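Colleague: Letter by letter, the chains look like this.
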Amino acid sequence: MSEVVFEGVTKRFGDVTAVDQLDLEVLNEEFMVLLGPSGCGKTTALRMIAGLDTATEGTLRIGDRVVNDVEAKDRNVSMVFQSYALYPHMTVAKNIESPLLARKVRVPGETEPRKLTKVERAEQVADAARTLGLSELLGRKPAALSGGQRQRVALGRAIVSQPDVFLMDEPLSNLDAKLRAQTRLELVALHERVATTFLYVTHDQVEAMTMATRIAIMTDGRLQQVGAPQGVYERPQNLFVARFIGSPPMNTVAGTYVVDAGEPFVQVGDGRFAVAGTAESAPVEGAKVVVGVRPEHLVLTGQGPTSVGVTVRAVEWLGHERHVICDVDGTSVIVRQPSEGAPPAIGGTVRLSAAPGEIHLFDPDTSERIN
Amino acid sequence: MSSPFALERHGETTLKDTLLAAAFLLPSLVIFTTFFFYPLYRLFYLGLHQQNTFGTAERYVGWKQYTEVLGGKEFREGLLTSGRYVLLTVPLGLVLGVTLAVAANRRLRGIKVFQTIFASTIATSVAVASVLFLTLINPQVGYFRDVGFISLTDPATALRGVALSSVWQNLGLTFIIVLAGLQAVPEEIYEAATLDGYGPLRRFFKVTLPMISPTMMFLVVVLVVFALQAFAQVDILTGGGPAGSTQTLVWRIFDNQQPRQIGVGAVMAIGLFAVTIIVTGLQFLILNRRVHYGN
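Note that the protein sequences, when read in sequence, are chains W and Z. Quick note on numbering: our numbering labels position 109 of the first sequence as 109, and the sequence is numbered without any gaps. Remember, our numbering sits 371 above the position in the second sequence when you count from 1.
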């Protein structure tokens with residue numbers, strides 16, 4: 001039961017900097033998801049906490065202990081690997097028991113962690129198996145299990161030693177879509193039950209949004225933003241986060257910041273969007289900005305003072321909704337609509353508007369949020 | 372998934388299909404017949420006959436020759452020597468091969484050089500290896516001339532000397548095959564073992580060895596067959612001596628190639644063939660239970 005802290009952690013492989021000056025605090029019993037595209041350094045960050053990679057610079061802490069030089073087995077962490085990394089020659093029971101053989105475990109009512117006796121190990125394995133619905137499968141070998149069952153065995157091996165921190169490296173990526181959705185719910189339930197710090201790596205924003213207490217978004221080895229899923233979605237701190245979170249992604253078009261009769265606007269194409277009043281960090285008038293609007297916040301309207309004319313290029317019908325793909329000044333913009341009613345004609349011109357509070361402004365040079 | 376076309380054809384074998392199948396089988400059939408089935412038949416035939424001194428005439432002696440030779444002292448002693456030779460070469464060869472492969476299975480600068488050196492004996496022939504060892508163990512000038520326990524001139528130790536040359540010569544093969552087996556083990560399994568707190572020894576015996584068990588099984592079978600068939604190293608290093616202490620079964624078969632004795636040699640060869648099949652079969656029966664295949 002511990003927090004995990006990265007303090008200025010850098011990891012270099014030769015000339016490649018995989019993780020660059022990472023400062024991140026994973027709170028006690030939090031479900032933290034490290035989210036980012038492949039190669040962004042999230043797995044390396046996880047492996048440094050696991051003790052499988054060493055940090056080139058910086059301090060790694062678990063609880064109040066600096067673990068940079070602590071061996072993996074003495075960090076009291078467990079990891080679920082992407083491939084599950086089950087021992088194929090061992091039964092499910094032996095796989096789950098495996099960490100108990102060599103690792104010391106905290107026993108309730110005793111001060112010092114110790115190795116468990118054979119009877120205690122059997123109890124722990126039975127407990128873990130019951131928790132994960134594996135009791136019937138204990139005698140089988142991994143080859144005789146389905147993907148979902150193997151994944152649960154990997155979880156069982158992780159929970160049996162009652163670690164301070166659970167590390168998970170894309171544990172759902174080998175499951176089919178239906179099983180993945182189901183396992184997401186199970187992982188959240190497991191997190192609540194074991195009340196332990198989870199550090200979970202994925203490139204799948206749906207996993208991040210649905211399971212995380214907080215999300216840490218990384219790209220190119222750098223941390224971009226940390227926050228609760230809703231906060232990250234509603235106030236992305238920079239263009240990368242804005243475009244990475246959300247499906248379809250946030251629309252971003254070039255615009256100019258203007259102030260008309262004391263009211264702020266952004267000029268886009270032939271029209272303009274009203275912007276919610278931004279006191280302290282308002283850009284200077286005439287400044288070039290990148291305007292971000294989520295597809296569901298764009299509305300097709302008639303003529304109006306705060307609307308932008310676009311050409312309809314295509315309409316994608318998805319059953320419960322439809323995506324109207326439009327063109328403004330050569331940039332593609334997606335509008336999410338309910339699927340009722342007639343769709344706009346392809347090739348026709350329509351006007352888009354959005355509530356002032358839903359307009360996000362970014363600096364085109366630094367990509368940082370400015371409102 | 373069967374297509375409608377497959378359904379139409381199901382159960383029917385046309386003449387064309389049969390001819391095509393025969394055409395595909397023919398090359399291997401020719402090779403097997405020429406180099407295996409016919410020689411085996413010929414061996415069997417020779418075993419039932421006795422030839423004169425010049426090999427110009429033969430007479431049928433029947434099964435008596437089989438029972439006499441296979442029950443005889445020469446076959447029994449040859450088999451015993453071959454058995455000792457198996458025990459001297461196979462375990463040592465495996466241990467050394469696995470040790471070298473484990474040592475060389477890491478990502479270090481220049482490791483390829485060592486891997487190449489360790490594997491290099493695969494490029495030497497038995498004859499070259501034997502001559503090399505003959506020089507090394509030479510009682511006058513050899514580097515190992517004072518190493519008593521492999522002396523080729525002492526009946527108590529000569530087989531060890533021969534075995535050592537064999538172990539050395541097979542080491543390259545063993546090394547390469549074990550290394551290939553080790554490299555097929557997913558890195559994540561080792562990482563999981565690291566997190567599970569496995570030390571190097573437990574990791575080796577509980578993870579590495581089981582993971583490469585199919586490789587080990589293959590090697591045991593192959594090395595045992597190699598040992599049972601060892602001839603050239605015996606002939607070059609000791610010529611069966613001293614005092615017949617290195618006369619393996621194959622060496623004795625070869626020793627019985629004069630026309631008068633060829634029937635005896637043939638029976639011993641058939642005996643060796645049977646022993647090899649039985650030993651290999653037993654290995655499959657016993658080892659297969661401990662071997663884990665794939666995922």
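FYI, nobody ran anything at the bench for these hints, they're computed from the structure. Quantities reported herein were computed from a predicted structural model and do not represent experimental measurements. Treat the hints with care, as some may be off.
To be verified - A few chain W residues that face chain Z, going by a derived Cβ cut-off under 8 Å, partial list only:
(1) 52
(2) 68
(3) 72
(4) 78
(5) 79
(6) 81
(7) 87
(8) 271
(9) 282
(10) 286
(11) 295
As the list claims (entries may be wrong) - No more than 20 Å apart at the CA atoms, straight line, and that leaves these computed lysine to any residue pairs for SDA-like:
(12) W:288 - W:332
(13) W:118 - Z:413
(14) Z:577 - W:142
(15) W:73 - Z:572
(16) W:118 - W:130
(17) Z:577 - W:130
(18) W:104 - Z:658
(19) W:141 - Z:658
(20) W:288 - W:367
Every residue, glycine too, gets a C-beta built ideally from N, C-alpha and C.
Colleague: All the hints need checking, so say for each whether the structure fits it.
Modeller: Results for each hint:
no.: 1; hint: 52; verdict: 5 Å, holds
no.: 2; hint: 68; verdict: 16 Å, violated
no.: 3; hint: 72; verdict: 5 Å, holds
no.: 4; hint: 78; verdict: 7 Å, holds
no.: 5; hint: 79; verdict: 5 Å, holds
no.: 6; hint: 81; verdict: 5 Å, holds
no.: 7; hint: 87; verdict: 6 Å, holds
no.: 8; hint: 271; verdict: 54 Å, violated
no.: 9; hint: 282; verdict: 51 Å, violated
no.: 10; hint: 286; verdict: 55 Å, violated
no.: 11; hint: 295; verdict: 39 Å, violated
no.: 12; hint: W:288 - W:332; verdict: 19 Å, holds
no.: 13; hint: W:118 - Z:413; verdict: 62 Å, violated
no.: 14; hint: Z:577 - W:142; verdict: 16 Å, holds
no.: 15; hint: W:73 - Z:572; verdict: 15 Å, holds
no.: 16; hint: W:118 - W:130; verdict: 18 Å, holds
no.: 17; hint: Z:577 - W:130; verdict: 26 Å, violated
no.: 18; hint: W:104 - Z:658; verdict: 35 Å, violated
no.: 19; hint: W:141 - Z:658; verdict: 18 Å, holds
no.: 20; hint: W:288 - W:367; verdict: 12 Å, holds
Hint compliance for this structure: hints 2, 8, 9, 10, 11, 13, 17 and 18 are broken, all remaining hints hold.
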